[in-house]
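Participant: What follows is the residue order along each chain.
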Amino acid sequence: MSAITGVEPALRAEAVSFAYNDEEWVLKDVSLTLPRGKLTMLMGPSGSGKTTLLKVLAGIVKPQRGRVVVLNHAIERQNHRKLSPLIGYIPQQLGLVRNLTAMENVLMGALGRCGNGKALLGIFPRHEIEQAQAALDLMGIGHKATETVFRMSGGERQRVAIARTLLQRPQVVLADEFVSDLDLALASEILGRMRRAAAQEQITFLMSMHRVGLRDFGDHILQLYRGQVALGSTNSLQAESTTESHS
Amino acid sequence: MRINLLIPAFLIFLLVVVLADFGFFDGARMLRGLRNLGILTSEMMPPDVGVLPVAGKALWETVQMSFAGTLLGFLASLPLSVLGTRHLFSPIISRTTRFVAAAIRTIPVLLWAIIFVILVGLGPLAGTLGIGAYTVGYLAKIYADLFEGTDPEVIEAVQSTGASNLHLVRFVFLPEGANAILTQLLFMLEYNVRASSILGFVGAGGIGFVMQVYLQTLEYRRLATVLLLILVVVLTMDALSAWMRKRFLLSAQ
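As given, the protein sequences belong to chains Z and D, one line each in that order. Take the first sequence: its letter number 225 is residue 225 in my numbering, and every next letter is one higher. Take the second sequence: its letter number 230 is residue 230 in my numbering, and every next letter is one higher.
Worth flagging that the hints you see were computed from the coordinates, not collected in a lab. Note that the structure is predicted; figures quoted are calculated from it, not measured. It is possible that part of the hints are untrue.
[Claimed, not checked] Covered stretches of chain Z (in silico footprint by chain D; criterion: 3 or more residues with CB under 8 Å from a CB of chain D, positions within the stretch not fixed):
id, region
1, 26-40
2, 102-113
3, 116-127
Quick reminder that beta carbons are idealized off the backbone N, C-alpha and C, glycines included.
Given only the sequences and the hints, what does the whole structure look like? Please build it.
Facilitator: Quick look at the structure:
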């Protein structure tokens, strides 16, 4: 277990088990805690259950056993709208709408705060548009706001996806393998930006990753092996002491 | 390997049986047909261009009918296809909607035209509504399947932002499906232009009525003009939709 004394966890999973069919547990009795405002890396070989764990934590699929608590709210599968201020989710292929512009994709982060009225006509409040632009600026692609996503490079798309999640302003962001396709320099840069965002906005990040070279960007590491947490919080103490200098 | 040969061989055998039953291999009969083709063609020549004003006017009505009917059906198919999307609605709603669309589709457009002639009387209104009805049944199914085929990752990601079902339709299903939506709409318009040229046979307006009159009075030279006019319109439609695809479809799909 990876509880860090003195820090209230942002997310807690208690004995979560999940299977897509009756034959085999993809996750077996997984318990973990995510310290608030930290970037936790979820490492593990492919097939170890990282994606499934993230989907369970995001409330997209419901575990057969156990429960997930985010900032004292037990998550339930149906209620996307109530979950959206708590949990943001970035899937492996980013889940961007390719035929829309970067700005339109980022503004989708605000949909949880918008009714079915003007947003359906594509009209968003001015302050949301300003914040969407600010999120794109923060990611260094403010000048590409009107570019259609399918015309963008892989690295630019990653940044659009992060900007969308930043506009959503969730307490916890769950990101699946999403810098894996990038070269090391770009991946490092994006992880650096996420780390700064984590520290500044007190956002808690959990990122799955199979690339060992990037693990040092995490404040905290969870190792998943065959659906079980094999090892937790390897450098959490170190992260505790160095967080200040990073932020 | 043996099965690979067996199936086509069986299909060809079936084809031969059916054709023989219908008299395809009756040499004298087919020869007579060939001779008649020559007579018919010679009687169509040269086309009587004197009927151009009458035929042109009727053809214009056909084009109007297919345009209005296709758009009407398209607009009605959008909400129906959303209701038929299993990601969004309970199985009862989506299955019922899909059943309704299938039932509408079962009835051919000519029969729809007859039904609407009974309901609203003779003329292009009946034809327009008939085309619209058939279009709804067809597009609602195609679009519902299209929406269901949307990348689940995109749906999950946007749902996790707290988007409502209507938001999903507006920001995921419609933009992600835009290319296929337009392609199918253009296909439907082309199809309806061709299909609606016979609706006049049952009094539902357009060029069909003129065609029928020339057929029954054996005025083949006038009929030839009508057929040539339809050919021109169909070719124009093809060119137009090719241009629209090139102009509006996003290239990197």
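Participant: Are any of the numbered hints broken by this structure? If so, which, sorted upward?
Facilitator: 1
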